[in-house]
Structure formats: C-alpha cells, structure tokens
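*Asks:* Now for the letters of each chain:
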Amino acid sequence: MKNFNSLFAAWTAVWAIFFLYEVSVARRVSRLREEIERLKQQLREGS
Amino acid sequence: MPAEHSNSMAGRMAATLFIAALVMCAGYAALFIAPEEATMGLIQRIFYFHVAAWSSMFIAFYIAVFANIAYLITRRAKFDWLGLASVEVGVMCCTIGLVTGPIWAHPVWGVWWTWDARLATTFILWLLYISYLLLRGLVDEPQRRAMLSAVFGIFAFLDVPLVYVSNRLWRTTHPQPVILGGDKSGLDPTMGKVLGFCIFAILGVMILVLLDRYRVEKLRHDFDELRFEVESRAADAQSNLAKAKP
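Line by line, the protein sequences are chains A and B.
Here the first sequence is numbered in my numbering, starting from 1 and rising by one per residue.
Here the second sequence is numbered in my numbering, starting from 1001 and rising by one per residue.
None of these hints come from the bench; they were simulated from the model.
Just to be clear, a hint being listed does not mean it is correct.
A few chain A residues facing chain B, derived, Cβ under 7 Å [to be verified]:
1) N3
2) S6
3) A13
4) A16
5) I17
6) L20
7) Y21
8) V23
9) Q42
10) G46
Derived pair list, reagent style PhoX-like, types lysine-lysine, alpha-carbon separation capped at 25 Å [unchecked claim]:
11) B/K1193 - B/K1078
12) B/K1078 - A/K40
13) A/K40 - B/K1218
We treat Cβ as the ideally placed atom computed from N, Cα and C, and that holds for glycine.
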C-alpha cells in the first residue's frame, strides 16, 4: 500500500473542496431567501 | 410551501441522490476495478478524479465564454449570472486540479511543483479567473460590472486552449496526453472506461453546483429589485410627509 496516504489526501481534498463550496453556495441561498422574505414582509406592512 | 417550490425541491433531491450514487460507483471503479498502473502503482489512481476535475473545468470555462459573448450581444442579465456561476465553478474545479496534481507529483517526480508549460499556463489560468471574480467586486453599477466582466472573461478564456495544447506543443515534466495525443498515446481499455465514468460523475456534480450557483444570482437579482421597491416607497412616504407639513 505504498503512497496510500497521498492517495487518501488527494481524494479528501477533492471532496472537501466540493463540499465546502456547496456549503458556501447553500448558505448564500438561504441568506438571500431570508432577506427576500424580510423585504416582502416590509412591503406587506407598508401597503 | 408553494407546490411549484416543493416540486423543484423534490426534483433537486432526486438529481442529488442520482449524482451521489454515480460518484460512489465512480469512486469504487477508480479504486477497485481499474487495473494498477505498472510504474506508479497505487498513487496513479488520483488520475481518475484529477483528469475528471480538469474536464469539468474546461466545460465550465467554455460555458462561461459562451455566456460572456452572449451577454455582449444581447445585454441580458441572465447571461451575466451564467458567466459568473460558470467561472466560480470552473475555478473550484481548477483548484481541485491544482491541489491533487502536486500530491500526485511529489512521490512520482520528487517535487511538488515545477514551472513547465502545462503547470505554468494552468496556474496563470487560475489567477486570471480569480482576477475576474475580484474585478466584479470592484464595480458597483450592475450593467458596467456585467460588461467589464464579459470582456475580461473572454480575455481570460484565451489561456484555456493554451493549457490544452501546452503539453502537446512543448516538452513538459507533466506527462504527454494519454487521450487524443496521437499515435504514441493510449490508455488500457478498462482504465479508459473507468476514466469516462469518473468524468461523467464529476461533470454531474459540476452541473448540480453550477445550477445552485446560478440560483444565487437570480435570488440576488430578486433581492435587489425588492430592496429598490422598499427604498422607493420609503422615499415617497417621506416626501409626502414633507409636503403635508405646514
């Protein structure tokens, strides 16, 4: 099993980068949805 | 929850599960089905996800340049959103390639990095698209930002074909191409099938992430419109109040 650690490190890096990026996108989606709801609420209260 | 939103969530969940299953099968195939390479041994199995990430990066940057050109012709905001989403996802795939490459290179070449034509042009490509993302943050006005980004995106794309041909045109430490590399290139048939499957799986992940990233821009647009409406109403209310004062 020569170089198993390197193989493991590379595969971990691949999925860590994908995962972290997807989490950052999901957080941006949920933050924007919250902000949109807040503005809609403000508009409903104003009208 | 509206029925349309609930349906789109169900579709998204089904697509995610399908891609997750594909990725697991691809991982199994790369680790256990592909034969071991004679000289490099186990470490060569990085190849299946390293090359798959590069393939996805190329496709993402092709989508980005298509969106950049389409924006300059039509001036429609959705092409700007697509351009940005593709560049961000392409940079992510490029980062994966730039991280996995040195991990593979170190035990095989004895160095983490060398400035040969393939590695240098790729690093420049990564820097160019990082600059594209930074540039967007410097311009506030949306139309101007979209126009500048589209022009810079087309300029950055000029490096993409250069990366592809670099190890065909020049002698590099990076291996010569094993696919579409001429008479002396080639891949064991099982390795080729496993690589194709891994490319398909990673491409699926890339498209899923790209769609999510595009949705962020669409939501940001909705948010800006709503904020503009709220601010306009507040300004109207204030001016009415000022008029009403004796």
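*Asks:* Each hint needs a verdict: does it hold in this structure or not?
*Replies:* Against the structure, the hints come out as follows:
1. N3: 4 Å, holds
2. S6: 5 Å, holds
3. A13: Holds. Min distance 5 Å.
4. A16: 9 Å, violated
5. I17: The hint holds - A/I17 has a Cβ within 7 Å of chain B, the shortest such distance being about 5 Å.
6. L20: With a closest approach of 9 Å, the A/L20 hint is violated.
7. Y21: 5 Å, holds
8. V23: 11 Å, violated
9. Q42: 5 Å, holds
10. G46: 6 Å, holds
11. B/K1193 - B/K1078: 36 Å, violated
12. B/K1078 - A/K40: 23 Å, holds
13. A/K40 - B/K1218: Roughly 16 Å between the alpha carbons, so the hint for A/K40 and B/K1218 holds.
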